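Asks: So the chains spell out like this:
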Amino acid sequence: MNRKLIDKERVIKLILLVFALSSLLFLFTIFAFILTEGLPLFYEAGVKAIVFGMRWAPTKAAFGIFPMIISSFMVTFGALVVGAPLALACATYLSEYAGKRTKLFLKPSLELLAGIPSVVYGFLGVVYIVPIIREHLGGAGFSILSTSLVLAIMILPTITSISFDSLMSVPPAYREGSLAMGATKWQTIRRVVLPAARSGILASFILGMGRAIGETMAVIMVAGNALKIPTSLLDPLRTLTSNIALELAYATGDHRRALFSTGVVLLVIIMSLNLVANFWVKARVAK
Amino acid sequence: MRINPRLTDKVVRGGLTFQALFTVGILVLIVAVIFVKGFPYVTAEFIFSYPQDMGRLGGIFPSVVGTVFLGLLSIAFATPLGVGTAIYLTEYTKESSLTRIIRFGVESLAGIPSIIYGLFGFIFFVIKLKLGWSLLSGTLTVSIMVLPTIIRTSEEAIKSVPKNLRMVSFSLAATKWETVTRVILPSAAPGILTGIMLSIGRAVSETAAVIFTMGSSLRLPTSIMDSGRTMAVHFYILAREGISMEKAYATAVILVCSILIINIAAYYLMHKMIARYS
Amino acid sequence: MRFPYRLPVLALMSALLFCCGSSQSSLTDEKSTVTIAGSTSIMPFSEKLAEHFKIDKPRIVVDVQGGGSSAGIQACLNRTVDIGMSSRDLKGDELVLRQTLICHDGIALVVHPRNPTKDISAEKIRDIYSGRITNWKALGWIDRNIDCVTREEGSGTRGAFEELVMGESSIHDSIMVQDSNGSVKEVVATDPYAIGYLSLGVVDAKVRALSVGGVEPTTRNILAKRYRIVRPFLYLTFGEPSKNAKLFIDFVLSKEGQRILKKEGLIPINE
Numbered sequence: 001m002n003r004k005l006i007d008k009e010r011v012i013k014l015i016l017l018v019f020a021l022s023s024l025l026f027l028f029t030i031f032a033f034i035l036t037e038g039l040p041l042f043y044e045a046g047v048k049a050i051v052f053g054m055r056w057a058p059t060k061a062a063f064g065i066f067p068m069i070i071s072s073f074m075v076t077f078g079a080l081v082v083g084a085p086l087a088l089a090c091a092t093y094l095s096e097y098a099g100k101r102t103k104l105f106l107k108p109s110l111e112l113l114a115g116i117p118s119v120v121y122g123f124l125g126v127v128y129i130v131p132i133i134r135e136h137l138g139g140a141g142f143s144i145l146s147t148s149l150v151l152a153i154m155i156l157p158t159i160t161s162i163s164f165d166s167l168m169s170v171p172p173a174y175r176e177g178s179l180a181m182g183a184t185k186w187q188t189i190r191r192v193v194l195p196a197a198r199s200g201i202l203a204s205f206i207l208g209m210g211r212a213i214g215e216t217m218a219v220i221m222v223a224g225n226a227l228k229i230p231t232s233l234l235d236p237l238r239t240l241t242s243n244i245a246l247e248l249a250y251a252t253g254d255h256r257r258a259l260f261s262t263g264v265v266l267l268v269i270i271m272s273l274n275l276v277a278n279f280w281v282k283a284r285v286a287k
Numbered sequence: 001m002r003i004n005p006r007l008t009d010k011v012v013r014g015g016l017t018f019q020a021l022f023t024v025g026i027l028v029l030i031v032a033v034i035f036v037k038g039f040p041y042v043t044a045e046f047i048f049s050y051p052q053d054m055g056r057l058g059g060i061f062p063s064v065v066g067t068v069f070l071g072l073l074s075i076a077f078a079t080p081l082g083v084g085t086a087i088y089l090t091e092y093t094k095e096s097s098l099t100r101i102i103r104f105g106v107e108s109l110a111g112i113p114s115i116i117y118g119l120f121g122f123i124f125f126v127i128k129l130k131l132g133w134s135l136l137s138g139t140l141t142v143s144i145m146v147l148p149t150i151i152r153t154s155e156e157a158i159k160s161v162p163k164n165l166r167m168v169s170f171s172l173a174a175t176k177w178e179t180v181t182r183v184i185l186p187s188a189a190p191g192i193l194t195g196i197m198l199s200i201g202r203a204v205s206e207t208a209a210v211i212f213t214m215g216s217s218l219r220l221p222t223s224i225m226d227s228g229r230t231m232a233v234h235f236y237i238l239a240r241e242g243i244s245m246e247k248a249y250a251t252a253v254i255l256v257c258s259i260l261i262i263n264i265a266a267y268y269l270m271h272k273m274i275a276r277y278s
Numbered sequence: 001m002r003f004p005y006r007l008p009v010l011a012l013m014s015a016l017l018f019c020c021g022s023s024q025s026s027l028t029d030e031k032s033t034v035t036i037a038g039s040t041s042i043m044p045f046s047e048k049l050a051e052h053f054k055i056d057k058p059r060i061v062v063d064v065q066g067g068g069s070s071a072g073i074q075a076c077l078n079r080t081v082d083i084g085m086s087s088r089d090l091k092g093d094e095l096v097l098r099q100t101l102i103c104h105d106g107i108a109l110v111v112h113p114r115n116p117t118k119d120i121s122a123e124k125i126r127d128i129y130s131g132r133i134t135n136w137k138a139l140g141w142i143d144r145n146i147d148c149v150t151r152e153e154g155s156g157t158r159g160a161f162e163e164l165v166m167g168e169s170s171i172h173d174s175i176m177v178q179d180s181n182g183s184v185k186e187v188v189a190t191d192p193y194a195i196g197y198l199s200l201g202v203v204d205a206k207v208r209a210l211s212v213g214g215v216e217p218t219t220r221n222i223l224a225k226r227y228r229i230v231r232p233f234l235y236l237t238f239g240e241p242s243k244n245a246k247l248f249i250d251f252v253l254s255k256e257g258q259r260i261l262k263k264e265g266l267i268p269i270n271e
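Residue numbers (our numbering), protein chains in the order written: chain D, 1 to 287; chain R, 1 to 278; chain V, 1 to 271.
Because the hints were derived from the structure by calculation, they are not lab data. Keep in mind that the hints are not guaranteed to be accurate.
As the list claims (entries may be wrong) - Computed list of lysine to any residue pairs in SDA-like fashion (alpha-carbon distance at most 20 Å, straight line): (1) R:K10 - D:G182; (2) V:K124 - V:P192; (3) R:K10 - D:L179; (4) V:K206 - V:P113; (5) D:K13 - R:T179; (6) V:K48 - R:F61; (7) D:K48 - D:L35; (8) D:K107 - D:G182; (9) V:K137 - V:A122; (10) V:K263 - R:R56; (11) R:K130 - D:K13; (12) R:K10 - D:T188; (13) D:K103 - R:Y92; (14) D:K13 - R:Y92; (15) D:K185 - R:K10.
Stated by the list, open to error - Derived contacts from chain V toward chain R, CB cut-off under 10 Å, selection only: (16) P44; (17) Q178; (18) S180.
Values in this document were obtained by computation on a predicted structure and should not be read as measured data. Quick reminder that beta carbons are idealized off the backbone N, C-alpha and C, glycines included.
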């Protein structure tokens, strides 16, 4: 190869490297700003007062977000408990039992449904789920239950779609080998296919969890946004995300800084979850 | 007592089928409800006229325009960066600590919730860079949001291109870049397009990040510095404030339809390309 | 086969062209946009005024944004908007701004139309919002929890409510929060057991406004100072308003502007 070509290649490689580094740049900028705005309050008011504080009244110097941390976890957990098994079952059916035509039709449909805006889910939750809970189970309707249900439905397409991809990418040879040894279909699925697709399925759960814990608009619509830690499934609650969105437009000064501090906590939680999950997934794959 | 595995098989099959139908059923029901309640109010006039009385009357034209521009512009920004990153990670380097760091960066970006993007976009683009509530602020924020998706799907697509294609290309004395552009990318195009399609969908349906960066003005955005609403934002405001249930449903119909059309178009493109290259 | 560059390049080019398009508030021609931002309570009314103003002066575009009273005040102090809207009185450093009172607005306590409660005492309101009363039994209705709704911290409406009604008591943290008048109204309109407070100008047939201590929240009672839960709607400017902003403010203060506000349920300033 002559000199010109090598140089051209070098330049291209450099440009692409810059592109690749841009992700890091963006990440750094985002963290930098959120932290610069959010950390000072931790120094002034104390980490304990914020993270474990029980009272949120930022215009009166009370910045406790502990109830919201608990609430965020509660609805995410609820959403996974309801949504993950259902989604995985759906994905398993689609990948292992459904015919080619069904697959061809349903997979894109699922991907489409993953594109429905979260506000639509929230709206339908308000119009249908909240009144039903209110009339038949009590409480205001705006509750952990309603939020978990709405979030569960929201993460169904995500988990199903990615789990399906994982299951489909298990080589047919695995299944054939198992069946050839006399296992039934379900035995094959349970002991060969699912474990082989494990990392992808777990990844889908993590993505679903990420979507649930980071969801804002739909939650604002169905959670009721009360500040207290909910003591029953029917109590209203406020998540970390809703807290930010509800008050950001109105907040100034310390109030705004407190919202950034909420953002910092949210980031820490989500990043930790991601790290733990990735670590766990990688460890299992390495096995 | 051992349960007959064949019986288990049948029971499981039935259970799974039911759950699958249930899952798909719920989602279909959601779309159906939106359409049934909203379609009667979707008229050409609705799409092309301007809102009056805070959206109680009139149409949603400004938000349609806002949505289209936000979607297209975000993709315009994010695709070169995303595909470029994917190419670099797969074709131009071996696995090293640098690539691990970059991948970590991408994964982290993907995990950041949209409200944090809204928070960041608000304080950085709207306030610090003084771009104000504008299409530009919104676009920049949303581009970063969809970047990980494009990187991920592009990487998957590029990785799944068979190794021999590359070998053949090199053996024909093509340079790396020529190989990438003439062999690998066309072959990976369907997968990349899927990622782009998913991203447009996300950009169009995103609300939290958009509302704090693009604002919620009812005016028609005519330049990149104008504020405006996307249909998702408009729908959110209409629905929450109870301004007009009919218009809310109608907006939702158009929103969901747009996503549907984008997806179908992308699938059509994808199949066309698969047909061409396989 | 080359990679299909055409589509992305086209997209990029149209994006660039779009960027070069003239902004509504371009610096080259005369400023014909008036930006107003602030209180979400005042926002719908400003929009309405803007619609009518446009008929008179079609060349001037009035761009109304929300953000809340505090944000509007900030924006005004930072000179990023022409007019700031505030639904509460200014305090401290904010007083450097020029205030124009455009009307008054009552804050009404509302319940669902099917709720038989018609009157409530200020004390009972305080008890409900501070968490001391939690059941409709205490107000003579059925044995059922009160689904109480308040606005979020930082809201001008909440600030006014806290100042005029709650006084020393603080709003309990088990009470649900919504972030606009409209959404409070929506909740109360759909939940028979709900109670909330909102801008009087927003009240319509979907909810019922309670009389407080025997006094109905009507324009007459507000003017007669019998109904006292009232707050000012202010337009704020940093010093002298710009030419077009002044035109708009004059319109709002004019007979026609005030007539529009009165029709919306607000209290005009002249009466």
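Asks: Of all the hints given earlier, name the ones this structure violates by number, lowest first.
Replies: Per hint list: 8, 11, 13 violated.
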